[in-house]
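Asker: Line order of the protein sequences matches chains A and B.
Here the working numbering is used: position 21 in the first sequence is 21, and no number is missing along the way.
Here the working numbering is used: position 153 in the second sequence is 153, and no number is missing along the way.
Calculated directly from the structure, the hints in this document are not laboratory data.
One should not assume that every hint holds.
The list treats identical chains as one, so a pair stands whether inside a single copy or across any two.
In silico lysine to any residue, SDA-like type, Cα no more than 20 Å apart, as pairs [claimed, not checked]:
| id | residue 1 | residue 2 |
| --- | --- | --- |
| 1 | Lys347 | Gly11 |
| 2 | Lys149 | Thr181 |
| 3 | Lys340 | Ala2 |
| 4 | Lys347 | Phe129 |
From a predicted model like this one, the values you see are computed outputs, not experimental measurements.
Protein chains: 2
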Amino acid sequence: MALRVGVIGGGQLARMMIAPAVELGIDIRVLAEGEGMSAQLAATALGDYRDLDIVRAFARDVDVITFDHEHVPQAVLRALVAEGVAVHPGPDALQFAQDKLVMRARLTELGIPQPDWAAVANVDELQAFLDDHGGKGVVKTPRGGYDGKGVRVVRTAAEAADWLADLEGDALLVEELVSFTRELAQQIARRPSGQMVAYPVVETVQRDGVCAEVFAPAPGAGERLMRVAEAIGRQIAEGLGVTGMLAVELFETDDERILVNELAMRPHNSGHWSQDGAVTGQFEQHLRAVADLPLGDATPRAQWSVMVNILGGPAEGTFEDRFEAAMAEHPEAKIHTYGKSARPGRKVGHVNVSGNDLDDAVYTARAAAAHFA
Amino acid sequence: MALRVGVIGGGQLARMMIAPAVELGIDIRVLAEGEGMSAQLAATALGDYRDLDIVRAFARDVDVITFDHEHVPQAVLRALVAEGVAVHPGPDALQFAQDKLVMRARLTELGIPQPDWAAVANVDELQAFLDDHGGKGVVKTPRGGYDGKGVRVVRTAAEAADWLADLEGDALLVEELVSFTRELAQQIARRPSGQMVAYPVVETVQRDGVCAEVFAPAPGAGERLMRVAEAIGRQIAEGLGVTGMLAVELFETDDERILVNELAMRPHNSGHWSQDGAVTGQFEQHLRAVADLPLGDATPRAQWSVMVNILGGPAEGTFEDRFEAAMAEHPEAKIHTYGKSARPGRKVGHVNVSGNDLDDAVYTARAAAAHFA
Chain A
1 MALRVGVIGG GQLARMMIAP AVELGIDIRV LAEGEGMSAQ LAATALGDYR DLDIVRAFAR
61 DVDVITFDHE HVPQAVLRAL VAEGVAVHPG PDALQFAQDK LVMRARLTEL GIPQPDWAAV
121 ANVDELQAFL DDHGGKGVVK TPRGGYDGKG VRVVRTAAEA ADWLADLEGD ALLVEELVSF
181 TRELAQQIAR RPSGQMVAYP VVETVQRDGV CAEVFAPAPG AGERLMRVAE AIGRQIAEGL
241 GVTGMLAVEL FETDDERILV NELAMRPHNS GHWSQDGAVT GQFEQHLRAV ADLPLGDATP
301 RAQWSVMVNI LGGPAEGTFE DRFEAAMAEH PEAKIHTYGK SARPGRKVGH VNVSGNDLDD
361 AVYTARAAAA HFA
Chain B
1 MALRVGVIGG GQLARMMIAP AVELGIDIRV LAEGEGMSAQ LAATALGDYR DLDIVRAFAR
61 DVDVITFDHE HVPQAVLRAL VAEGVAVHPG PDALQFAQDK LVMRARLTEL GIPQPDWAAV
121 ANVDELQAFL DDHGGKGVVK TPRGGYDGKG VRVVRTAAEA ADWLADLEGD ALLVEELVSF
181 TRELAQQIAR RPSGQMVAYP VVETVQRDGV CAEVFAPAPG AGERLMRVAE AIGRQIAEGL
241 GVTGMLAVEL FETDDERILV NELAMRPHNS GHWSQDGAVT GQFEQHLRAV ADLPLGDATP
301 RAQWSVMVNI LGGPAEGTFE DRFEAAMAEH PEAKIHTYGK SARPGRKVGH VNVSGNDLDD
361 AVYTARAAAA HFA
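Could you build the full structure based on these sequences and the hints that come with them?
Answerer: Here it is in structure tokens:
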């Protein structure tokens with residue numbers, strides 16, 4: 001019988017696991033939040049991932065549980081593990097992706113370079129941190145933020161007063177506002193048995209808090225940067241016991257330091273380039289990792305790969321018309337769609353282009369994506 | 001609403017259309033012959049493809065019909081077309097892939113180089129052809145053969161007496177036994193609107209009448225061979241009105257002639273390398289072509305790509321154990337499985353390997369595939 005992998009969550013990350021699952025011969029099953037989700041083709045169950053009974057019933061028919069997102073509650077995850085279900089990444093690892101304060105504390109223990117940070121429970125504590133850090137900082141809600149949500153740059157504590165008022169005994173995370181030259185991301189795959197494979201560090205470009213473009217490998221990255229980024233990724237994957245794909249978002253600073261910004265324990269937007277640009281794409285690699293199969297080669301297939309997100313916009317014409325125009329003008333562009341209705345700023349797909357000339361690849365990927373924006 | 005492509009037949013070719021369909025955002029639906037077929041994930045209907053009512057009901061909910069195989073009867077295809085269904089390739093083209101005598105006659109009209117051939121209805125006609133061709137020939141049943149079935153090399157007409165006795169007014173095809181140095185295959189994609197894209201000609205290695213290995217591009221192929229093979233492919237695609245993928249199997253002779261052996265109007269075993277080795281794989285290309293979307297770039301991603309079929313054999317251990325061993329030893333091998341139970345000689349998957357060294361790629365692909373044989 002084929003190996004059965006159950007994915008909790010029916011979004012585009014689950015959708016993009018379908019293609020490699022079919023080729024590998026893995027029976028992929030998805031617990032989707034509702035009808036018509038991105039991963040509908042593989043949806044075998046519908047329901048609330050916060051409901052243990054629903055998740056338990058879904059888990060009964062698969063060999064391993066993994067995720068489209070990091071929002072399944074710890075109580076649900078731990079109940080599954082207690083009942084003998086293989087869950088990857090497991091709750092002990094996933095807590096660090098679910099709570100940014102827990103993550104910061106653990107990275108501090110591990111000695112991983114990161115921005116100065118503090119847990120602050122009130123205006124005075126926050127103001128003290130800001131005063132110590134040049135009168136500015138980044139305030140984050142520890143849980144539930146993504147794509148720039150739950151993140152606020154502040155210059156006085158009053159600017160976070162609303163969040164502080166809602167805390168009910170918890171704390172906010174405040175971080176030093178890092179003066180960075182660019183953002184990078186390091187991806188690592190890790191099997192339960194410990195094998196790890198590193199992707200080359202990439203440059204990510206954010207717009208309005210959302211990933212817009214990725215260049216792989218990071219242009220101008222020398223051997224030192226590649227090595228440092230990979231070492232950080234490996235140390236975190238091992239130190240946090242991550243299984244599956246880990247993405248480490250990094251700041252590169254003016255003074256050539258590399259600091260950890262965020263973590264994701266799943267395939268990540270910064271790794272979409274690898275679908276077409278690496279021997280083993282991140283979605284195949286995630287499946288291999290969570291199923292504890294030997295990992296694939298993460299070597300790039302071309303000198304450069306560029307990923308540009310398609311943010312569904314107000315362009316005229318149907319999605320299909322634009323699809324046709326993009327394909328006609330850019331036959332070398334690999335267009336990936338998420339089966340979502342377009343609305344401004346919503347990630348509805350992405351374009352990958354690989355080649356030996358970075359400028360050409362960037363131009364083509366942007367031009368193809370522009371048909372949809 | 002997403003474009004809906006309906007595939008008749010639930011075999012591995014339909015299965016391998018699923019991955020690119022998901023990425024392109026095409027709603028792929030499969031009419032499978034039964035439960036548990038290779039393309040089960042996308043199966044939305046079950047039934048006999050020779051039954052017009054079943055096929056008509058399936059066609060009602062899709063925008064275009066295409067195929068996993070070439071066995072749907074002309075009567076069914078023509079009824080669909082008469083009712084306004086888009087069918088690609090259409091019956092006018094498909095007849096040339098369904099009947100080798102019709103194909104030979106049409107290629108003769110088009111002036112395409114091919115082996116000497118004749119339609120023979122009895123022992124005397126067959127013996128006369130053999131006598132004219134050095135006392136040997138290849139006898140083929142015009143319809144229904146594949147993977148070496150329905151093909152017999154004979155030295156006297158008596159060796160085909162059983163087939164001749166069953167003819168009931170039809171004829172057999174007899175062809176000159178070509179003295180070839182190797183077999184090649186040329187793939188062409190063609191849209192209904194006429195756009196064509198050619199893949200580089202490849203070398204195919206057959207064992208016991210079944211495709212065993214493919215080297216892409218054909219080693220040692222000079223510009224002349226590439227050009228001649230592509231021209232033959234384009235002329236056939238256009239002359240026969242093919243839509244979708246066309247594979248032209250070719251003989252390369254001692255005296256450097258290129259002769260057409262067989263045709264297939266669908267993705268073909270000789271093109272599996274392109275899934276990982278070309279910018280646009282043949283399964284994506286077929287979907288683009290039958291949906292009349294602009295065709296993708298067919299440029300190889302690497303200097304060499306090698307495909308080795310996995311012929312399910314009597315090896316010890318479970319399929320999963322062998323899968324794990326193959327992955328562990330060959331992380332750069334792309335393993336594709338068809339979800340079929342293994343039995344000796346049955347195609348149950350294939351391995352693609354790309355790289356800049358042909359010998360290395362051949363070694364790795366064979367070694368990975370050998371874990372399954």
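Asker: Confirm or reject each hint.
Answerer: Evaluated hints:
In this assembly of identical chains, the alpha carbons of Lys347 and Gly11 lie at most 20 Å apart only when taken from the same copy (11 Å versus 34 Å across copies). In this assembly of identical chains, Lys149 and Thr181 lie within 20 Å of each other by CA distance neither inside one copy nor across copies; the values are 22 Å within and 65 Å between. In the homo-oligomer, the alpha carbons of Lys340 and Ala2 lie at most 20 Å apart only across protomers (10 Å), although the nearest pairing inside one protomer, at 30 Å, exceeds that limit. For a Cα distance limit of 20 Å, the shortest separation of Lys347 from Phe129 qualifies neither inside one copy, at 35 Å, nor across copies, at 65 Å.
In summary, the numbered hints that this structure violates are 2, 4.
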